[in-house]
Amino acid sequence: MDDDALKPPRAIQLLDTVLSRLALVLGGTTLLFMTAFSVWNVLIMRKVLNNPIVGAEDLLVLALVVIVALSVPLGARTGAHIEIEVLENTMSAGFAKWSMIIVKILGFGVLAIMSWRLWHAGETAAKFGETTQQLLISYGPFYYLLAVSIGIYAVVVLLDIWQLIRSDKVIPLKLYGDTL
Amino acid sequence: VSSEELTVATFVPPQHHTNTVMFAWFAEELEARSGGDLTMQLFPAGQLGAGPVQQYKRAVEGVADITFGVSAYTPALFPKTMLAIPPGASENSAEATQRILAVFDEYLADEYEDVKVIALSTAAGIGIAATQDMSTLEGMGGAKLVPYAAMTTPIIEAMGAVPVQMPVSEMYTALSTGTIDGAYATYNNMTPPWNFWDVTTHFVDNVPVQHAVIFVVMNRERYEGLSDQHRAIIDELAGEPASMKLAESFDGADARSLQMMMDTEGKGYELVTVSDEERARMDAAVADGMAAIFADYAERGIDNAEEIYNAINR
Amino acid sequence: MIGMTLLGILGLVGLFVLLALRMPVGLSMLAVGLVGTVVANANQFIAVGMASDQAWARGLRIAYSNISGETFEAASNYNLLVIPMFVLMGTLAGVSGMSNDLFTMAYRWMGHLRGGLASATIAACAGFAALSGSSLASAVTMGRVALPEMKRYKYADGLATGSVAAGGTLGFLIPPSGGMIIYAVLTEQSIGRLFMAGVFPGIILTLLFIGAIYLIVLRKPEAGPRGEKSSWPERKASALAALPILSVVVLTIGGMYTGFFTPVEASAVGAFFTFVIAAFRRSLSPTALKTVVLQTMNATATVFLIIIGAFVFIPFMSLTEVPAQLVTLLTSLPIGELGVLLIIIAVYIFLGMFLESLAMLVLTIPVVIPIAIGLEWDLIWFGIIVVIVLEMGMISPPVGINVFIVKSIAPEVPMGTIFRGIWPFWFAMALMIVLLIIFPQIALFLPETLVG
Ligand code: NA
Ligand code: NA
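Chains as they are written, first to last, in the working numbering: chain B, 1 to 180; chain Y, 1 to 314; chain E, 1 to 452.
A hint or two may mislead.
To be verified - Listed next, the in silico DSS-like pairs over lysine-lysine satisfying Cα-Cα at most 30 Å (straight line):
#  : chain 1 : residue 1 : chain 2 : residue 2
1  : E       : K151      : B       : K7
2  : B       : K174      : E       : K290
3  : B       : K7        : B       : K169
4  : E       : K407      : B       : K169
5  : B       : K174      : E       : K407
6  : E       : K290      : B       : K7
7  : E       : K229      : E       : K151
8  : E       : K220      : E       : K407
9  : B       : K97       : E       : K290
10 : B       : K169      : B       : K97
11 : B       : K127      : Y       : K80
12 : B       : K47       : Y       : K267
13 : B       : K7        : B       : K174
14 : E       : K229      : E       : K154
15 : E       : K290      : B       : K169
16 : B       : K174      : B       : K97
17 : E       : K290      : E       : K229
To be verified - Chain Y is nowhere near these chain E residues, computed Cβ spacing over 10 Å in every case:
#  : residue
18 : A74
19 : K154
20 : L218
21 : V250
22 : T291
23 : I314
24 : L319
25 : S332
26 : I373
27 : W377
28 : F404
These are computed hints drawn from the structure, not numbers from a lab. Beta carbons: idealized from backbone N, C-alpha and C, even for Gly.
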């Protein structure tokens, strides 16, 4: 199944490489941290030593934001974001293509606004005292991270539109093995 | 005058006394005083936005006209207000509320410049629900104890206990399994829906009382955009009347729970009162802990923390 | 200026149009939530006499605040930590071949019975369900192991594929469950209690599935021939091989059940020990590790985008008061509580024919939960009912996600045959719902008596 017809344009292949490498390195590290740190805090520090780590919840919640930020644009390329395809078979090819383009333009608009407002919320995080509760770590940088993540998602949607216009279909990024 | 409806957002469930006592009263007063021209619509349980953390922001940005929130969820925003949290002279919500209001103009007002304050009050953590006798410093030694707010950690440590952070929703299980030995609580936590009385052996009162400071704030633009007549109604209710009603809401819920505790037999816990001598030792430990808290405030650039704390507890 | 109710209905219609045009569910909710919040608030301000340009500006500001604030609220929700952790546990279990051990054990003990391989598939699915929060993952993993075996023993195609497709849905009911986590977060119920409530219904439904297989082979013995009878040493060896996996299950579920762990802690501990076991089995090649990380993030993306969408959409729906009015309407009908419940279930079954389960969950909760609260139903019990009805949708035509997955593993079996094979299991689920309505304690016993 690996013939060239099933590969997306070069620019998108490059984006796929960047997204999956980021996911593997940063995402893998974050998952490892979340697992190991929780187990250390719960089993060793709290259950055995009776000395839970101050601010453990803060760090875990921030790790979650990182995982979400790394996952969402990757998921946009792998087809993770659930669509309801019941009516697809009843659509003519032309309607299917152009309605999809319109829907994607709308999606791009929503994501662009979302990214812009997340960035803005990052700038005002200090004003609204948005910090973790124990270590008082500012949420600002994490709002910026989500803004960038959603921004990349918006770019992915734009590239989808490009693919649709060019070759009538969007070729997704295949993950190793099966997507579950 | 055209009719106006204010949206009110809380994050607590519909049947919580904040909704059924405090905001029911507020709605009635608005309606009665305006002849039905000024009303409010309550959106409980986070319907206008999930969770307690962003409640202040929601008021400032106008997501709801009025929001109800807890200051400790955004510690960087209300450092001075939060000096009403640690133990001092207030033994219940009503006392704490009066003390906060008394110092508000001089010390706290600048923390609320972006909003119109409707009410400031506290939920008073008047006791410790525990699986061991914590009525003495010896009894607290090494025990895992959940404080009412993370900022009082130094006080818990000064009393000899091990501070553990945990949301109230997890405490029942944690008490029943020994993950924690005790938690700062109210009578209200002992009875349904929390039911700590099923998993504790002691409820210790006359401990140094900790408070959760609670605010009800209104979007400033919305307030200023009201007609003179409607704004006057808000002004009449805001401040002492609404704050004391909120205190009454919390103290009242506690009184009802205490009554229920008295009326219900067959539960396996006992009520223990800390002796006055022992309370004096605990208060001394509180003073030690406060020193650490003031030092922390100074590090964060607030040099008059002790002055504010003393003013609140005058 | 338009009425709030009309606005709410327009919002729902708009949502369905976007969904029908294949906009992702999360994005559709975001789009409608964003626009709806602007219009609803502007309307309210205009209604009280504010100048319209001012009113629209405020409506826009509120929508802007929500789209960033709610996104962050969802992404930083402590309870949602369980999603990546449990997904990690499930994918680790998947790549490490633990499913083989579970199936071998079930086969050694049950394979000699009539229909025994199909029953063993169901039992192994139930075991795998306790490691994985997704029914798709359960169906894929167990399907790869069980379908070739059933083919070897000449099982009827319908029975073989049906038992994998249906057994896979147990992943959604037996804790951990992605669907339950979303339900718990959106309805502010305890994840731990909901998980506990799923244990007995999960076990009973497993038995009902096995009972359904028994009835099938009673009528048509050739559909499920007996396998070889395994010797006792073989049986013991198979149980021993499956022991590490079963220990993780006991540790996580038992840890939550006794309150030794919170669900968040149990998820991390479960993922950690599954990792250790996978490492011991030498199944963590670099490729396997990459698969685990990318699949975990893929599933995390799926869940979080629709939760973020729901978080932005729900405040808009609340403002329009459509859910509240629906409560008033339904409770005023002379059909009683049971009537309302049956209507809700019927609607879920109908929607489940076409919609994906997680999508359906986030789309219906904002409207359905106010009804459940209005009628004072126990939200934990109701959550279990919803989860089972969603499972029915996963295997019912025309869009049955588990059926599609099984079809991808067994491409030679016609779709029609697979769908015909699922009916006995579909009725077993319906029977399970009837049992839950008559005996709510099946769900409520564990959460009420043991964790409080
Ligand atoms: Na499961
Ligand atoms: Na279906």
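Hints, verified against the model:
no.	hint	result
1	K151/E / K7/B	35 Å, violated
2	K174/B / K290/E	13 Å, holds
3	K7/B / K169/B	11 Å, holds
4	K407/E / K169/B	24 Å, holds
5	K174/B / K407/E	19 Å, holds
6	K290/E / K7/B	21 Å, holds
7	K229/E / K151/E	18 Å, holds
8	K220/E / K407/E	23 Å, holds
9	K97/B / K290/E	34 Å, violated
10	K169/B / K97/B	8 Å, holds
11	K127/B / K80/Y	15 Å, holds
12	K47/B / K267/Y	28 Å, holds
13	K7/B / K174/B	10 Å, holds
14	K229/E / K154/E	17 Å, holds
15	K290/E / K169/B	27 Å, holds
16	K174/B / K97/B	22 Å, holds
17	K290/E / K229/E	39 Å, violated
18	A74	8 Å, violated
19	K154	50 Å, holds
20	L218	45 Å, holds
21	V250	16 Å, holds
22	T291	33 Å, holds
23	I314	7 Å, violated
24	L319	7 Å, violated
25	S332	19 Å, holds
26	I373	7 Å, violated
27	W377	14 Å, holds
28	F404	33 Å, holds
Consistency with the previously given hints fails for numbers 1, 9, 17, 18, 23, 24 and 26, ordered from lowest to highest.
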